[in-house]
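J.: First to last, the protein sequences are chains A and B. Per my numbering, the very first residue in the first sequence carries number 1; after that it's consecutive. Per my numbering, the very first residue in the second sequence carries number 1; after that it's consecutive.
Treat the hints with care, since some could be wrong.
For the chain B half of the interface with chain A, some residues (derived, Cβ under 8 Å), not all of them [what the hints assert, rightly or not]:
| no. | residue |
| --- | --- |
| 1 | Gly43 |
| 2 | Leu46 |
| 3 | Lys49 |
| 4 | Thr105 |
| 5 | Gly106 |
| 6 | Arg108 |
| 7 | Ile112 |
Under the rule of at most 27 Å between Cα atoms (straight-line distance), these lysine-lysine pairs were calculated in the BS3-like manner [what the hints assert, rightly or not]:
| no. | chain 1 | residue 1 | chain 2 | residue 2 |
| --- | --- | --- | --- | --- |
| 8 | A | Lys68 | B | Lys100 |
| 9 | B | Lys49 | A | Lys24 |
| 10 | B | Lys100 | A | Lys24 |
| 11 | B | Lys100 | A | Lys78 |
Quick caveat, the hints were computed from the structure, so don't treat them as lab data. Remember, predicted model here, so these are calculated numbers, not experimental data. Each residue gets a CB set at the ideal place from its N, CA and C atoms; glycine is no exception.
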Amino acid sequence: DAGVIQSPRHEVTEMGQEVTLRCKPISGHDYLFWYRQTMMRGLELLIYFNNNVPIDDSGMPEDRFSAKMPNASFSTLKIQPSEPRDSAVYFCASSLLLIEAFFGQGTRLTVV
Amino acid sequence: AQSVTQLDSQVPVFEEAPVELRCNYSSSVSVYLFWYVQYPNQGLQLLLKYLSGSTLVKGINGFEAEFNKSQTSFHLRKPSVHISDTAEYFCAVSDTGNEKLTFGTGTRLTIIP
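Construct all of the structure, not just a fragment, from the sequences and the given hints.
T.: Rendered as structure tokens:
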């Protein structure tokens with residue numbers, strides 16, 4: 001398996017624009033997590049899914065953020081409208097029964 | 001609620017010297033414990049995990065960690081470090097039966113030649 005695949009690797013956008021980050025989890029994994037990493041706040045769990053169903057979205061900063069998992073092989077994290085303070089590295093991870101979480105390479109988002 | 005404390009934000013160590021990265025956790029229930037490593041511009045990679053059984057856990061790249069329930073600690077050790085160990089190391093905890101992983105703030109390990 002190629003591991004968790006995230007796209008794009010880098011994204012630069014202007015404030016107010018919509019941003020969509022994409023994630024393909026490892027085949028067969030039943031959990032998917034979205035994390036955000038910043039210097040100030042470290043790694044924060046935004047939301048996670050189990051069998052495509054959102055379980056806990058308490059980490060989503062505000063209504064500008066939304067995440068979907070339409071099927072077992074794809075998830076998106078959307079920010080609309082984006083703001084400079086959203087600049088961070090966003091990681092997607094997947095796991096089977098939480099025995100081990102496998103992380104993607106991350107998407108570095110810069111909002112100018 | 002669970003939490004993780006990594007007291008050392010940066011640890012410089014000479015090459016071939018031993019190293020210990022400290023991790024303490026708090027939780028009201030039994031836990032699973034993890035150490036992850038993040039190399040520059042990369043995602044996180046699992047070094048080792050404690051789920052149950054022996055309290056001494058061996059991982060990849062010569063690392064090991066010991067679960068100490070009475071001290072609520074899970075310190076990471078390596079007897080002899082290499083330049084390639086330069087990275088950021090994250091301790092993480094999850095309550096058994098709860099899927100959420102909580103990460104510490106990370107420790108940046110710098111190896112001095």
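J.: Run through the hints listed earlier and report the numbers of any the structure violates, in increasing order.
T.: 6, 7
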